[in-house]
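Visitor: All you need for our numbering is the position in the sequence shown, starting with 1, plus 207.
These are computed hints drawn from the structure, not numbers from a lab. A few of these clues could be false.
Think about it this way: if two alpha-carbon atoms lie no more than 20 Å apart in a straight line, the pair counts; the simulated EDC-like pairs of lysine to aspartate or glutamate are [to be verified]: (1) K253 with D410; (2) K231 with D275; (3) K342 with D454.
What follows is a set of in silico ranges between Cβ atoms, one per label pair, in the way DEER data are often shown [what the hints assert, rightly or not]: (4) K253 with G390: 30 to 40 Å; (5) I459 with R219: 20 to 30 Å; (6) S434 with C254: 50 to 60 Å; (7) L413 with E229: 27 to 37 Å; (8) R465 with C254: 25 to 35 Å; (9) L350 with P228: 22 to 32 Å; (10) E384 with T265: 16 to 26 Å; (11) K253 with A446: 15 to 25 Å; (12) S296 with H216: 24 to 34 Å; (13) A399 with M463: 37 to 47 Å.
Please read these numbers as outputs of a predicted model, since none were measured by experiment. We put the CB at the ideal spot given by N, CA and C, even for glycine.
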Amino acid sequence: MTGQVRIEHTERVAWITIDRPEAKGALTSDMVAALHDTVADLRTRKCVDVVVIRGEGTDFCTGSDMGDIASVLGAPADERREAFDSSISGTIQPLLRDLLALPQPIVASTRGYAIGIGVMFMLAADLVIASDTTKISLPQPHLGHSLDHGESWLLPRRVGPSRALQICLLGDVVGSEDLERFGLCNWLSSDAHLESRTQEVVDGLLAVAPGSLWRTKALLRNSIDASFEEQLLLEREHASAGAATEDFIEAINAQMQRRVPVYNNR
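All chains, full assembly: derive it from the sequences and hints.
Guide: Here it is as structure tokens:
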């Protein structure tokens, strides 16, 4: 694991930290590859129930490293096209696909700037806790190319097509006062309390039976593109599967006995 992408495991939680504060969390191509390897590995980690993505320092993630981008400026047009195509198809899109395929709930804990791929992490997350210093921007159209991290699919589904066009075409910076209003975060926190608020959300997720947590996420994610009848069938399958677990018995007994449940199954 590169020293600029840090992963730590506490009980049932994987904490992924973009650890490049001197560059405000800008990602090199090596860091994107390391993030992809990390996320791909987490898909198989049955002992991890929640994934948290955060940045070290004053900013969450300010996009791709401009040095990497500038390195192709002197190349002929066909080479620039090939370099971008290779980067997007080889690292960025596989990372996004694996993020969206994670069975575990993803929590993004953000402060400072989230730009480009930093916004992708927020859009791919299931829950977002934002510091009152958080600002987001998708500047790609103003840098001579266009959206390249799945934002054209993710953003309209989060904020609606009209607001998505505003943010992307005008390059608007969305500050903390609008993040919650636009539906880009679930909670706003003072910067001083971001870590403690994040831990509260993580603790709330860990209080749910792991299998129920994953099945509920799968249901809600699937519902975006499913028909009503397809979704009813999937609900029936997941609910019945949950009822067959020992954690179902534990949850009902704990509720009746007014105690905290102790879960074991996934």
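Visitor: All hints are to be evaluated individually against the structure, with a verdict given for each.
Guide: Right, here's what the structure says about each hint:
1. The suggested pairing of K253 with D410 holds, with an alpha-carbon distance near 18 Å, which does not exceed 20 Å.
2. Proposed proximity of K231 and D275 is supported: the alpha carbons are some 15 Å apart, at most 20 Å.
3. For the suggested pair K342 and D454, the alpha carbons sit about 41 Å apart, so the restraint of at most 20 Å is broken.
4. Between K253 and G390, the C-beta spacing of about 32 Å keeps the proposed range 30 to 40 Å intact.
5. Remark: the range hint 20 to 30 Å for I459 to R219 is upheld by a beta-carbon distance near 22 Å.
6. Our hint of 50 to 60 Å for S434 and C254 is violated, since their Cβ atoms are close to 35 Å apart.
7. Distance hint check: the CB atoms of L413 and E229 are about 33 Å apart, consistent with the given range 27 to 37 Å.
8. As the Cβ distance of R465 to C254 is approximately 29 Å, the hint placing it in 25 to 35 Å holds.
9. Between L350 and P228 the CB atoms are about 23 Å apart, so this pair conforms to the stated range of 22 to 32 Å.
10. Between E384 and T265 the C-beta distance comes to about 19 Å, which sits within the given range of 16 to 26 Å.
11. Look at K253 against A446: about 21 Å separates their beta carbons, and that is inside 15 to 25 Å.
12. Distance hint check for S296 and H216: the Cβ-Cβ separation is about 31 Å, which falls inside the suggested range of 24 to 34 Å.
13. Separated by about 41 Å at the C-beta atoms, A399 and M463 satisfy the suggested range of 37 to 47 Å.
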